[in-house]
Amino acid sequence: MPEKISKAGDIGDDELKGGEGDDELEGGDGNDRIYGQGDNDILLGGKGNDLLDGGENNDSLAGNEGNDFLYGRVGRDTLDGGVGNDNISGGEDADILLGKEGFDHISGGSGNDQIIGGEGNDQLYGQAGSDLIEGNAGDDLIEGGEGDDELYGHGGSERISGDAGDDILDGGEGSDQLKGGDGNDTLTGKTGDDYLDGGKGDDLLAGNENNDKLFGFEGNDILDGGSGNDTLDGGSGDDQLAGKAGNDILSGGVGDDILDGGDGNDNLAGLAGNDQLDGGNGNDILSGGDGNDFLFGQQGSDSLSGGSGNDYLSGGDDSDTLIGGFNNDQIYGNSGDDFLDGTGGNDYLSGGDGIDNLSGGDGNDQIYGNAGSDSIAGGAGDDLLEGGEGDDRINAGIGNDQLYGRSGNDILDAGIGDDYIEGGLGDDQITAGEGNDQLYGQEGEEVLDAGAGNDYLEGGDGFDTLTGMSGNDYILGNAGNDIINAGAGNDWIDAGEGDDWVDANSGDDIINGGMGRDSLYAGSGLDTFILTPSFGVDTIYRFNASVDMLGLTNLTFEDLKITQGTGSNVNNTLISLKDTDELLASLDGINANSITSANFTLM
Numbered sequence: 001m002p003e004k005i006s007k008a009g010d011i012g013d014d015e016l017k018g019g020e021g022d023d024e025l026e027g028g029d030g031n032d033r034i035y036g037q038g039d040n041d042i043l044l045g046g047k048g049n050d051l052l053d054g055g056e057n058n059d060s061l062a063g064n065e066g067n068d069f070l071y072g073r074v075g076r077d078t079l080d081g082g083v084g085n086d087n088i089s090g091g092e093d094a095d096i097l098l099g100k101e102g103f104d105h106i107s108g109g110s111g112n113d114q115i116i117g118g119e120g121n122d123q124l125y126g127q128a129g130s131d132l133i134e135g136n137a138g139d140d141l142i143e144g145g146e147g148d149d150e151l152y153g154h155g156g157s158e159r160i161s162g163d164a165g166d167d168i169l170d171g172g173e174g175s176d177q178l179k180g181g182d183g184n185d186t187l188t189g190k191t192g193d194d195y196l197d198g199g200k201g202d203d204l205l206a207g208n209e210n211n212d213k214l215f216g217f218e219g220n221d222i223l224d225g226g227s228g229n230d231t232l233d234g235g236s237g238d239d240q241l242a243g244k245a246g247n248d249i250l251s252g253g254v255g256d257d258i259l260d261g262g263d264g265n266d267n268l269a270g271l272a273g274n275d276q277l278d279g280g281n282g283n284d285i286l287s288g289g290d291g292n293d294f295l296f297g298q299q300g301s302d303s304l305s306g307g308s309g310n311d312y313l314s315g316g317d318d319s320d321t322l323i324g325g326f327n328n329d330q331i332y333g334n335s336g337d338d339f340l341d342g343t344g345g346n347d348y349l350s351g352g353d354g355i356d357n358l359s360g361g362d363g364n365d366q367i368y369g370n371a372g373s374d375s376i377a378g379g380a381g382d383d384l385l386e387g388g389e390g391d392d393r394i395n396a397g398i399g400n401d402q403l404y405g406r407s408g409n410d411i412l413d414a415g416i417g418d419d420y421i422e423g424g425l426g427d428d429q430i431t432a433g434e435g436n437d438q439l440y441g442q443e444g445e446e447v448l449d450a451g452a453g454n455d456y457l458e459g460g461d462g463f464d465t466l467t468g469m470s471g472n473d474y475i476l477g478n479a480g481n482d483i484i485n486a487g488a489g490n491d492w493i494d495a496g497e498g499d500d501w502v503d504a505n506s507g508d509d510i511i512n513g514g515m516g517r518d519s520l521y522a523g524s525g526l527d528t529f530i531l532t533p534s535f536g537v538d539t540i541y542r543f544n545a546s547v548d549m550l551g552l553t554n555l556t557f558e559d560l561k562i563t564q565g566t567g568s569n570v571n572n573t574l575i576s577l578k579d580t581d582e583l584l585a586s587l588d589g590i591n592a593n594s595i596t597s598a599n600f601t602l603m
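With the UniProt record's numbering as the guide, the letters of the sequence shown map in order to residues 1 to 603.
Quick caveat, the hints were computed from the structure, so don't treat them as lab data. The structure presented is a predicted model; accordingly, all values stated were derived computationally and were not measured. Every clue listed holds true.
For lysine-lysine, the following BS3-like pairs were computed, each having C-alpha atoms within a straight-line distance of at most 25 Å:
hint	residue 1	residue 2
1	Lys47	Lys17
2	Lys200	Lys213
3	Lys578	Lys561
I would like the entire structure built from these sequences, with the hints used as guidance.
Structural data, given as structure tokens:
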């Protein structure tokens, strides 16, 4: 069995060597050089700047005071730098390396090492193996090296790098810089304004308190900003980003990402890929970027922009701004006074509650104002536009559009194209513009203006005003005391029930006053006025006996009696039934002698 050697130096600069056995070597004061060599040795440096070399086997080295160099070499060694700025190297196998006081430089070497820096600004390197490294107090530099390492900064502002392997990095207190490197790493900033870099691999980054910057870079990463005003960038890969509390900036980067702003006024950008963005509480800005994205504003007055791709946008609570961008988007304002713009593509827009402003832009769009007094613009394309509840204003623009006012007193302008328009409930104003249009007033007191083209106008219930303008129009007043102006063109007019006022204007028109006491004006052209028993007395003005006609329904000329009026009707021709004396019509300013069977036609 080798002999055990125990040696102690004096106050000078000593050189001690252990030999073959388990040795105890103490340098004492001075700058000593101590070599354990073989077997399991104990080396104590004492005061001074010492060099301790454990050699082979499992050694214990303590530098104590001074700026020492400690080398574990082969074996499972424990190296304690003590007081001073020490340089500690573990060597092979699994070592325990303690810097303690001072600015220490510690390298674990190969093996699964435990490294604790202690007080001071230390440089700690795990190198090969799966190492546990703790900086403790001071602003430390920590590098894990190869292997699956656990790296903890604790107090101070640390720079921590995991390098290769699946590493755990924890900055602790202070403003730290953490870099995961290769592998699937977990990075935690904790307190302070931290910088976290996931590097390659599928990483988990958590900023926790204060204002942090988190970068996932390559891989499918999870980034959690925690409290504070944080900046999160997913990089490449399919990432999950959560800003949580504070006013955060989130960028998804390349890949199909999920971004959640949380509380605060956040800025979220999906960038490339099919992303999901959720603003959370606060007044947020969301931008989808490229790809087919889902954007949710949630609470607060948010601004959402889909970018390119077929996007889904939902404003949530409060008054939001939503812009779909190009391609075919679905946009929902929900509650609040919202602004919705489909821009390009065939879009679906729904304003929800509130007083909304909706614009389809180019493309064949579907736009629904829903509740509230909304403003709707279809833009170019064949659009379907519906105001919903409230007093809405709808402008369809160019294209063959469908407009529905629904309830409320609405203003509808179909613009250019062959359009279909329904006013719905309420007192509506409908303007069709150029094209062959269909206008329906329905309930309420409506104003219908067809514009140019061959149009169909139907007033519905209420006292309506209908104007055909140019073109060959079909105008139906329905119930109520209506005002009808046929305009230019060869028009067919049926005033319907009520005491109506009708002006045929220019063109060869057919006018049916319907039931009620109607006032009918012939205008220029060959006009035909329809007479029907039991429909009331029509007064026909500007009748030209040499041009205009009287059309008979359920009658023949032989059933009629034509007489000159008396009293207030002395200048008028009266047309009545022979058998019952029912008065059918009064021709204003016409002498009865000028009316013959040639002025009548069967309808």
